[in-house]
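Peer 1: The residues making up each chain are set out below.
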Amino acid sequence: MPDKPWVAFYWCASCGGCEEAVVDIAEKILDVVQAVNIGFWPVAMDFKKEDVEKKPDGFFVASFINGAVRTSEQEEMVKLLRKKSQLIFAFGSCSHLGGIPGLANLYSKEEILSYAYRESPSTENPQGTIPRTSWKENGYSLDLPEFYDRVFTLNQVIDVDYYIPGCAPPPDIVMGAFEALLKGELPEKGSVLSPNKALCSTCPLNETKPDRLLIKDLKRPHEVEIDPEKCYLLQGLLCMGPATRTGCGERCIRVGMPCRGCFGPLDNALDQGLSMLSAMASILDFSPEEQAQLEEVLRACPDPAGSLYRFSLPRSILKGKIRRE
Amino acid sequence: MYEPKIIAFFCNWCTYTAADLAGVSRMKYAPNVRIVRVMCSGRVDPELVIKAFDLGADGVLIGGCHPGDCHYQNGNHKTLRRSVLLKKLLPQLGIEPERLRLEWISASEGEKVSRVCNEFTEEIRKLGPLKREVKNAG
Chain A
1 MPDKPWVAFY WCASCGGCEE AVVDIAEKIL DVVQAVNIGF WPVAMDFKKE DVEKKPDGFF
61 VASFINGAVR TSEQEEMVKL LRKKSQLIFA FGSCSHLGGI PGLANLYSKE EILSYAYRES
121 PSTENPQGTI PRTSWKENGY SLDLPEFYDR VFTLNQVIDV DYYIPGCAPP PDIVMGAFEA
181 LLKGELPEKG SVLSPNKALC STCPLNETKP DRLLIKDLKR PHEVEIDPEK CYLLQGLLCM
241 GPATRTGCGE RCIRVGMPCR GCFGPLDNAL DQGLSMLSAM ASILDFSPEE QAQLEEVLRA
301 CPDPAGSLYR FSLPRSILKG KIRRE
Chain B
1 MYEPKIIAFF CNWCTYTAAD LAGVSRMKYA PNVRIVRVMC SGRVDPELVI KAFDLGADGV
61 LIGGCHPGDC HYQNGNHKTL RRSVLLKKLL PQLGIEPERL RLEWISASEG EKVSRVCNEF
121 TEEIRKLGPL KREVKNAG
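First to last, the protein sequences are chains A and B.
Position 165, counted from 1, in the first sequence is what the numbering used here calls 165; the numbers after and before it change by one each time, with no gaps.
Position 34, counted from 1, in the second sequence is what the numbering used here calls 34; the numbers after and before it change by one each time, with no gaps.
These are computed hints drawn from the structure, not numbers from a lab.
Any given hint could be a false lead.
When the alpha-carbon atoms are kept at most 16 Å apart in a straight line, the in silico EDC-like pairs for lysine to aspartate or glutamate are as follows [said to hold, decoys possible]:
| # | chain 1 | residue 1 | chain 2 | residue 2 |
| --- | --- | --- | --- | --- |
| 1 | B | K87 | A | D303 |
| 2 | A | K321 | B | E96 |
| 3 | B | K87 | B | D45 |
| 4 | B | K88 | A | E296 |
| 5 | B | K87 | A | E296 |
| 6 | B | K88 | A | D57 |
| 7 | B | K88 | A | D303 |
| 8 | A | K83 | A | D57 |
| 9 | A | K321 | B | E122 |
| 10 | B | K5 | B | E111 |
Partial list, derived from the structure: chain B residues whose beta carbon lies under 10 Å from chain A [claimed, not checked]:
| # | residue |
| --- | --- |
| 11 | R34 |
| 12 | V36 |
| 13 | E47 |
| 14 | P67 |
| 15 | T79 |
Beta carbons are placed, not taken as given, at the ideal position from N, Cα and C, and that holds for glycine.
Given the sequences, and given the hints that come with them, work out the whole structure.
Peer 2: In structure tokens, the structure reads:
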């Protein structure tokens, strides 16, 4: 084992799908483990935090970290891994953009804890107990990590070298990143490891899009029978293709689902949701006299923030709901 | 007294010219409005509006040509649709939709610039400051 480089995997606020994505590279994982030693991977292997602490700084060639950062424990772990790793890869939408957990930034910490522990219909909590960071009982003291006020992308907490996009990242993107790392062919630091082109440019339905795409109606996916062979925007469905980078293999498009935007914005876009909002404003075919009809049509979009920022709220300009002092 | 900070994006051909007219006609209006000249109200990307709020604006005013008068034919139509969409998104981001205002002001309506700036300043004054509380991890 002496000459093989060491790598680490870690998870923060995520669903576990990214861990699956690592093994989704199937038998190619054997090539990977032949080329590297895995020195830390809590979901699959029995290494502890002390094992990482004992290593010298820069010991791992790369750490692949999935999930957003929400708790003090996650912050501590990613800071430790940053110190012990030469390269940090943000793995998957949550660490790249905040992901689905990032939508929690539409609410305050107090609102979230109060709903989860007191108000939700399935909660039985007569004493109104809410998690605390420390508790003393019979002379023993117990500690829990702090739940932060916000969800952070990985690069808002530590310096990140590369981003592997996707929810979850598809096998070819994951394998591409491993190969680039092993062959020393990584691009410029800070790159997102997928093409910097809009999904529409590689979409198999692009040919069905007329020169001027204009629509008079908006629909939600469950309300219509989606024609899988016709541009979804043309069918009045909110497809995030124009504002999302490609590289995913159009996985959703090919199975009859409009793009939800998990690969995140293109390099020059500050804010994926607003890019999409702008695109929708261009294709919704309503004249100034028809403003009332436009407002009526928008009722098909009851949760614009959830649709436009499904994966990217913490990586947007406002990073979430504006908080009043 | 609280003085609201307002960022205004005025199109070169109509509203900015009207603001010029208001100036040379020595009309007075609230100094809270900071004008940014753009070639067309259609150039005002939603990112600019949100960026203004992010950087501390309490209100954003967009001024363009009346529908039908746009120097680029229909740039202002897009602005209108964007503002309708933005106003639907803003409440979820914690911003009252009234903090964004779109006005059609032609080059000859210097008096309207002055009236709209005064009105909007007072409205925003009533809404109060839009302040961000930024906390970092740890």
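Peer 1: State for each hint whether it applies.
Peer 2: Hint check results:
Between K87 (chain B) and D303 (chain A) the CA atoms are separated by roughly 13 Å; this keeps the pair inside 16 Å, and the hint holds. With a C-alpha separation of about 12 Å, the suggested pairing of K321 (chain A) with E96 (chain B) holds against the 16 Å cut-off. At most 16 Å may separate the alpha-carbon atoms for a hinted pair to count; K87 (chain B) and D45 (chain B) meet this at roughly 14 Å. For the proposed pair K88 (chain B) and E296 (chain A), the alpha carbon gap of about 12 Å is at most 16 Å, so the pair holds.
Using a Cα cut-off of 16 Å, the hinted pair K87 (chain B) and E296 (chain A) holds, with the two alpha carbons roughly 14 Å apart. The suggested pairing of K88 (chain B) with D57 (chain A) is violated, with an alpha-carbon distance near 49 Å, which exceeds 16 Å. A threshold of 16 Å between alpha carbons decides the hint, and for K88 (chain B) with D303 (chain A) the separation of about 9 Å falls inside it, so the pair holds. For a cut-off of 16 Å, the pair hint linking K83 (chain A) to D57 (chain A) stands: about 6 Å separates their Cα positions.
Between K321 (chain A) and E122 (chain B), the direct Cα distance comes to roughly 25 Å. Violation of the 16 Å bound is thereby established for this hinted pair. At most 16 Å may separate the alpha-carbon atoms for a hinted pair to count; K5 (chain B) and E111 (chain B) exceed this at roughly 21 Å. With a cut of 10 Å, the hint placing R34 (chain B) at the interface with chain A is violated, because the nearest CB-to-CB distance is about 19 Å. For the restraint placing V36 (chain B) at the interface with chain A, the shortest Cβ-Cβ distance is roughly 17 Å, beyond the 10 Å limit, so the hint is violated.
The beta carbon of E47 (chain B) is positioned within 10 Å of a beta carbon in chain A (closest approach about 5 Å), and the interface hint is therefore held. The interface hint given for P67 (chain B) holds, since its Cβ lies 4 Å from the closest Cβ of chain A, which is under the 10 Å cut-off. The criterion of a C-beta within 10 Å of any C-beta in chain A is met by T79 (chain B), whose closest approach is roughly 8 Å, and the hint holds.
The structure fails to meet hints 6, 9, 10, 11 and 12 from the earlier list, while all remaining hints are met.
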